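Protein chains: 2
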Amino acid sequence: MRRICRPGKGVVVGIGDDAAAVEMDGQCIVATTDMLISKQHFPPGTSPEQMGRKAVAVNLSDLAAMGASPLGLLFSVGLPRDLDVELVERIVRGMDRAAREYGTSVVGGDIDESDEIVIAGAAFGSCRKERLMRRSGARPGDILAVTGSLGAASAGLSILLGKKPAGGYRALTKAQLDPVPRIREGIALAGTGAVTSAIDITDSLASNLWQIARESGVRIVLEADKLPVHPLVLKYAEDAGMDPMEFALFGGEDLELLLTLRPDRIDRAFRALRRIGTALTPIGRVERGRGALVEKSGRIMRLPDRGYEHFR
Amino acid sequence: MRRICRPGKGVVVGIGDDAAAVEMDGQCIVATTDMLISKQHFPPGTSPEQMGRKAVAVNLSDLAAMGASPLGLLFSVGLPRDLDVELVERIVRGMDRAAREYGTSVVGGDIDESDEIVIAGAAFGSCRKERLMRRSGARPGDILAVTGSLGAASAGLSILLGKKPAGGYRALTKAQLDPVPRIREGIALAGTGAVTSAIDITDSLASNLWQIARESGVRIVLEADKLPVHPLVLKYAEDAGMDPMEFALFGGEDLELLLTLRPDRIDRAFRALRRIGTALTPIGRVERGRGALVEKSGRIMRLPDRGYEHFR
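These protein sequence lines are chains A and B, in that order.
Under this note's numbering, the first residue of the first sequence carries the number 1, and numbering increases by one thereafter.
Under this note's numbering, the first residue of the second sequence carries the number 1, and numbering increases by one thereafter.
Treat the hints with care, since some could be wrong.
Where chains are identical, the list cannot tell them apart; a pair therefore holds if satisfied intra-copy or between any two copies.
Think about it this way: if two alpha-carbon atoms lie no more than 16 Å apart in a straight line, the pair counts; the simulated EDC-like pairs of lysine to aspartate or glutamate are [stated by the list, open to error]:
id, residue 1, residue 2
1, Lys39, Glu116
2, Lys235, Glu287
3, Lys9, Glu101
4, Lys296, Glu223
Don't read these hints as lab results, they were simulated from the structure.
Quick caveat, the model's predicted, so the values are computed rather than measured.
Same shape as in the complex, but just chain A:
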């Protein structure tokens, strides 16, 4: 779409970032759309409420990655004709509750008949133009950092797909079924002036990192030993005889914010997230050059650009 669609009047950020931004009276209206389709995005065991909640979360997460404050959400929902009315209401109730938890509301909707469950969401919000966080601003010398912890959503998916028993891993399945967008964190970080680029982790840490490197025209070195892998992911991986790095690096949907920070203002970013109570961990550095590398136990190699594959 990016190659074909030409940005019009007032467009500050067009196709190719987490969300678009259009200028209006000195403010930017930030808007995004994300579609969830049952077979791809709702693993077995997803409740109707969780479908609605997840649709809210993925759309708000795009606003978070831009540093925008949400103003409202809209949903176009396609549902099979034979779907129970009660189930539809539960989806909508999930949307409504999740929206309010993040300080906004569902302001519009359209329900249609379709072969499979399709929830297309759109979120819009506002941000001061100079605060907008984009994918393209990383500069050599910046520090790479990530909010929260990594790998929980994809380990949760692995559990839900029945690869291993779920006992004791509820936090992981919850991370997959009911992910949390970093709305407050995004707004706070945008206000620090420390962030040079940002993206939310939807595809995978690896491929979202590649996107920042590509959009910014820099080389980014990920320091693997510093990754804040979710503690239960470490335990689960050991139980299951799997590599926890597979989840942390190549699993998607954690909705954490991946950021590059100006070294001279990095303290402001840490202070801002400490106030919210969310971890912020330095996990690498930005250098002159191109591409994304991973440093592990002193060795540096190319980071594979692969990520989350829909489970269908």
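Assemble chain B onto chain A, guided by the hints.
Structure of chain B alone, referenced to chain A:
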């Protein structure tokens, strides 16, 4: 959705109107979403470009009905895996061109895999709060009016479904395949201060009229003899042995604006549309009471509340 979703902070118009409006710094951000699904919304003969154009038109039409100026469009597109790449590009090219024709642009998108072609659009724009046109403001004494002409889109659908030969009726099939949203008309009308309520005709003149009557708590009398039925619809109906009123009253998707106007300012509305070169026709009156009636050759009866049914 309306019953379940509670409007949040700043919401001026929530679910239940053509679009939502949220206040921001004295301006309103107006936003809407509309989903088109191949089997229901794209009759046989729809080109990929027309699919893209129609998705733009239906979303912009909702902004038009509110009196908003568009700022941008976003699309989530679900496509079957085996769909030709060239076809996808043609859909997107149709979106891009149509958006620019109406003075805006496609600023965001998300392409996913789905069983059938699904195009979920969202449009956002701005409007001064006091200019917003809603469905709920009609008052006894107001004049009912409609832009343009009626029946073309549904007569076009009848032709495309092969009920009758298409020779000489290209304007009708075009009205179905490539409908025109009344963006300039909506903005101009909102500026006159004459409009007390507005809606775009998507379901049918009859059911959209019922919506205004219901939302405004008034009785509306439609004067059938005044309806600006599209001249080719009259001809086609005669050729086909059908009732032209069936198309004009109960056919959908004309995307004309149906309005109620303050009698003391009605001249401003006519002048505004004359400047644009679009017809505005008085077609009835608002009275004390409830519901929608139709007056034909001196007889008054209840207007059936039925409309466009998807052709699937």
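Structure-based check of each hint:
{"no.": "1", "hint": "Lys39 with Glu116", "verdict": "both (8 Å within a copy, 13 Å between copies)"}
{"no.": "2", "hint": "Lys235 with Glu287", "verdict": "neither (34 Å within a copy, 71 Å between copies)"}
{"no.": "3", "hint": "Lys9 with Glu101", "verdict": "between (34 Å within a copy, 13 Å between copies)"}
{"no.": "4", "hint": "Lys296 with Glu223", "verdict": "within (6 Å within a copy, 79 Å between copies)"}
Going through the hint list in order, the structure does not satisfy hint 2, though it satisfies all others.
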